[in-house]
Amino acid sequence: MIEATLALSRGAFTLDVALQLPTRGVSALFGPSGCGKTTLLRCLAGLEHAPGGRVVVDGQAWQDGAAFVPTHRRAVGVVFQEASLFEHLDVRANVAFGWKRLAPEQRRISLDDAIAWTGIEPLLARSTQGLSGGERQRVAIARALAVSPRLLLMDEPLAALDAARKAEILPAIERLHALSGIAIVYVSHAIAEVARLADHVVLMDAGRAVATGLVGELLSRLDLPLPPGEDAGVVLQGEIGAIDAAWHMARLDVSGTTFWARDPGLPIGHRIRLRVLARDVSLSLAAQPQSSILNQIPATIEALADDTHPSQVLVRLRTHAGGGALLARVTRRSAQALALAPGTSVWAMVKSVALLD
Amino acid sequence: MDAEWAADLQAVLLTLKLAGVVTLLLLVLGTPLAWWLAHTRSRWKAPLSALVALPLVLPPTVLGFYLLMLMGPRGLVGQATQALGIGLLPFTFAGLVVASMLYSMPFVVQPIQTAFEAIGARPLEAAATLRAGPWERFVHVALPLARRGVLTAAVLGFAHTVGEFGVVLMIGGNIPGATRVISTQLYSHVEALEYPAAHRLAAMLLAFSFAVLLWVYRLRTRGSLLATGPATP
Numbered sequence: 055m056i057e058a059t060l061a062l063s064r065g066a067f068t069l070d071v072a073l074q075l076p077t078r079g080v081s082a083l084f085g086p087s088g089c090g091k092t093t094l095l096r097c098l099a100g101l102e103h104a105p106g107g108r109v110v111v112d113g114q115a116w117q118d119g120a121a122f123v124p125t126h127r128r129a130v131g132v133v134f135q136e137a138s139l140f141e142h143l144d145v146r147a148n149v150a151f152g153w154k155r156l157a158p159e160q161r162r163i164s165l166d167d168a169i170a171w172t173g174i175e176p177l178l179a180r181s182t183q184g185l186s187g188g189e190r191q192r193v194a195i196a197r198a199l200a201v202s203p204r205l206l207l208m209d210e211p212l213a214a215l216d217a218a219r220k221a222e223i224l225p226a227i228e229r230l231h232a233l234s235g236i237a238i239v240y241v242s243h244a245i246a247e248v249a250r251l252a253d254h255v256v257l258m259d260a261g262r263a264v265a266t267g268l269v270g271e272l273l274s275r276l277d278l279p280l281p282p283g284e285d286a287g288v289v290l291q292g293e294i295g296a297i298d299a300a301w302h303m304a305r306l307d308v309s310g311t312t313f314w315a316r317d318p319g320l321p322i323g324h325r326i327r328l329r330v331l332a333r334d335v336s337l338s339l340a341a342q343p344q345s346s347i348l349n350q351i352p353a354t355i356e357a358l359a360d361d362t363h364p365s366q367v368l369v370r371l372r373t374h375a376g377g378g379a380l381l382a383r384v385t386r387r388s389a390q391a392l393a394l395a396p397g398t399s400v401w402a403m404v405k406s407v408a409l410l411d
Numbered sequence: 154m155d156a157e158w159a160a161d162l163q164a165v166l167l168t169l170k171l172a173g174v175v176t177l178l179l180l181v182l183g184t185p186l187a188w189w190l191a192h193t194r195s196r197w198k199a200p201l202s203a204l205v206a207l208p209l210v211l212p213p214t215v216l217g218f219y220l221l222m223l224m225g226p227r228g229l230v231g232q233a234t235q236a237l238g239i240g241l242l243p244f245t246f247a248g249l250v251v252a253s254m255l256y257s258m259p260f261v262v263q264p265i266q267t268a269f270e271a272i273g274a275r276p277l278e279a280a281a282t283l284r285a286g287p288w289e290r291f292v293h294v295a296l297p298l299a300r301r302g303v304l305t306a307a308v309l310g311f312a313h314t315v316g317e318f319g320v321v322l323m324i325g326g327n328i329p330g331a332t333r334v335i336s337t338q339l340y341s342h343v344e345a346l347e348y349p350a351a352h353r354l355a356a357m358l359l360a361f362s363f364a365v366l367l368w369v370y371r372l373r374t375r376g377s378l379l380a381t382g383p384a385t386p
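Just so you know, the protein sequences line up as chains A and B, in that order.
When we follow this note's numbering, the leftmost residue of the first sequence carries the number 55, and every step to the right adds one.
When we follow this note's numbering, the leftmost residue of the second sequence carries the number 154, and every step to the right adds one.
It is possible that some hints are incorrect.
[As the list claims (entries may be wrong)] No more than 25 Å apart at the CA atoms, straight line, and that leaves these computed lysine to any residue pairs for SDA-like:
| id | chain 1 | residue 1 | chain 2 | residue 2 |
| --- | --- | --- | --- | --- |
| 1 | B | K198 | A | R64 |
| 2 | A | K154 | B | L304 |
| 3 | A | K154 | B | E289 |
| 4 | A | K154 | B | L296 |
| 5 | B | K170 | B | P185 |
| 6 | A | K154 | B | G286 |
| 7 | A | K154 | B | V292 |
| 8 | A | K154 | B | A274 |
| 9 | B | K198 | A | H103 |
| 10 | B | K170 | B | G319 |
| 11 | A | K154 | B | L277 |
| 12 | B | K198 | B | L304 |
| 13 | A | K220 | A | G79 |
| 14 | A | K154 | B | G319 |
| 15 | B | K198 | A | G65 |
| 16 | A | K154 | B | E278 |
| 17 | A | K405 | A | G310 |
| 18 | A | K154 | B | K198 |
| 19 | A | K220 | B | V292 |
| 20 | A | K154 | A | G65 |
| 21 | A | K154 | B | W288 |
In case anyone wonders, no lab produced these hints; they're calculated from the structure.
Turn these sequences into a full structure, and let the hints steer you where they fit.
Listed below in structure tokens is the structure:
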């Protein structure tokens, strides 16, 4: 458990948060630029000092009252937005920089594991100069892992990379938690990264933590300053329930609710995460057996809210079979024509789902 | 002729010894000072920076004159050195070292300071997150990244000490074997109208100074003499 109570003023900016995060899984600090998420991360690392603040990680006080444990004595690993490799050392020496400073009994993660998990074996003898952006960031991740941190803090590690490099690193970060068991705090302003990686989300706005919760619940809320428009959608977690080999489709089971999707080639029972965007969900008052849409899910409307464009509204639904919340985007005209209101039973017509892993 | 050669050689060796000792001491003392100047937010930063840079603009005779007063029998430093049993510093090699250190200080401190500033906070923060304490961050990150600045500082400090004249004359006098360096030996030659001997030393200094500057400018591709950035582009 991470407990952090931090207040800090820097000119016009004020950070004022009190939050608790689990020390397992991936917690995302999510919000727009300038919302204070990086400052919060730096306070956790001890790179920023918020006087009078309190940071306790698994019972160990990193900061409490006048006591302030300096960064190099905190069991923390940090990956910055720019890889920040040491240019005077080669890749191997970079990865070993922190590892060799640990007492042998503190080395819970071996150097070999840190190197293997990030796939940087071929780079070890290289100088840092010739590496691509993605390679640099993988080396930075290996370097941070090799200090066996209790907490791995990642500050927008993908923000400086292009889409291809992002696609290369994201799976590595995803595997990281499963392989190492290290709790990750991941700062991002990109909802796609949060949807894919986070278990737990802290939504930040103007220096405050405005909401915290599990990713599936938090991203479906309509009362939060979440990024509107095309990105609105929910994250669901489940597993591959069945494969229909004849039609090349897979059944995705999300606690009672099932979705049919393209067969991703994963085995039955494989844990999956899927993203259902509001723009891909339409509503109907009755099931449509003559529709091409396979995924027709009975649900009840919980709430309606304005969307960015005045012609549209966002509708939050609770699926009847369990399996969490869905968001749907419909026109205001249809909402009125169908008399959509909280409590109305509808069929969510899900046109497509995106499998995230 | 042989005696003249021997005297010249003695002056050259003394100059090299002086420049070597001064450069070494300045690197040891100037690097922490440069580190402090690069990172402090103290209100003393500006006055101290100005003080360090003073020899760049001050006539060497002014510096030499005040040092002579300070280190003389009635000066504060002079009384202290006498009380400690060291004796008086003016007209000794030790006195020359002290004076030369002050005189060459900006040529050592400024390149190192600029190199430290160019590294920025990030590599040091990264090192802190990798369990490196303040001393390890300085030794294993800051110094290696500032190595070009340190090298430039050493070369410039050495060359500048070799080339000094005014301070040496004021503090050292011109005592053969103790304080007679190349520049004052050259001065003696000219006073004695020994122009060929003067030429020899003058040409040597000219060639040495040019070679040093050529090396420094080869090392760096842009910027000014004293502003040496870190090793990485």
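We went through each hint and held it up to the structure:
At most 25 Å may separate the alpha-carbon atoms for a hinted pair to count; K198 (chain B) and R64 (chain A) meet this at roughly 23 Å. At most 25 Å may separate the alpha-carbon atoms for a hinted pair to count; K154 (chain A) and L304 (chain B) exceed this at roughly 28 Å. A C-alpha spacing of about 12 Å is found between K154 (chain A) and E289 (chain B), which places the hinted pair at or below 25 Å, so the restraint holds. A C-alpha spacing of about 19 Å is found between K154 (chain A) and L296 (chain B), which places the hinted pair at or below 25 Å, so the restraint holds.
Distance check on the hinted pair: K170 (chain B) and P185 (chain B) sit about 24 Å apart at the alpha-carbon level, within 25 Å; holds. Taking the CA atoms of K154 (chain A) and G286 (chain B), the gap is near 13 Å; set against the 25 Å cutoff, the hint holds. Of the supplied pair hints, the one linking K154 (chain A) and V292 (chain B) holds, its CA atoms being roughly 15 Å apart against a limit of 25 Å. A hinted pair counts as satisfied when its Cα atoms are at most 25 Å apart, and K154 (chain A) with A274 (chain B) qualifies at roughly 22 Å.
A threshold of 25 Å between alpha carbons decides the hint, and for K198 (chain B) with H103 (chain A) the separation of about 23 Å falls inside it, so the pair holds. A C-alpha spacing of about 18 Å is found between K170 (chain B) and G319 (chain B), which places the hinted pair at or below 25 Å, so the restraint holds. Distance restraint check for K154 (chain A) and L277 (chain B): the Cα-Cα separation of roughly 17 Å lies within the 25 Å cut-off, and the hinted pair is therefore satisfied. Restraint check: the Cα-Cα separation between K198 (chain B) and L304 (chain B) comes to about 24 Å, which is no more than 25 Å; the hinted pair holds.
Taking the CA atoms of K220 (chain A) and G79 (chain A), the gap is near 20 Å; set against the 25 Å cutoff, the hint holds. A C-alpha spacing of about 52 Å is found between K154 (chain A) and G319 (chain B), which places the hinted pair above 25 Å, so the restraint is violated. Taken as a hint, the K198 (chain B) and G65 (chain A) pair is honoured in the structure, with Cα atoms around 23 Å apart against an allowance of 25 Å. Taking the CA atoms of K154 (chain A) and E278 (chain B), the gap is about 17 Å. The hint holds against a cut of 25 Å.
A distance of roughly 19 Å separates the Cα atoms of K405 (chain A) and G310 (chain A); the hinted pair therefore holds under the 25 Å criterion. Proposed proximity of K154 (chain A) and K198 (chain B) is contradicted: the alpha carbons are some 36 Å apart, above 25 Å. At most 25 Å may separate the alpha-carbon atoms for a hinted pair to count; K220 (chain A) and V292 (chain B) exceed this at roughly 35 Å. Between K154 (chain A) and G65 (chain A), the direct Cα distance comes to roughly 39 Å. Violation of the 25 Å bound is thereby established for this hinted pair.
Distance restraint check for K154 (chain A) and W288 (chain B): the Cα-Cα separation of roughly 16 Å lies within the 25 Å cut-off, and the hinted pair is therefore satisfied.
In the structure shown, a violation is registered for the earlier hints numbered 2, 14, 18, 19 and 20, in ascending order.
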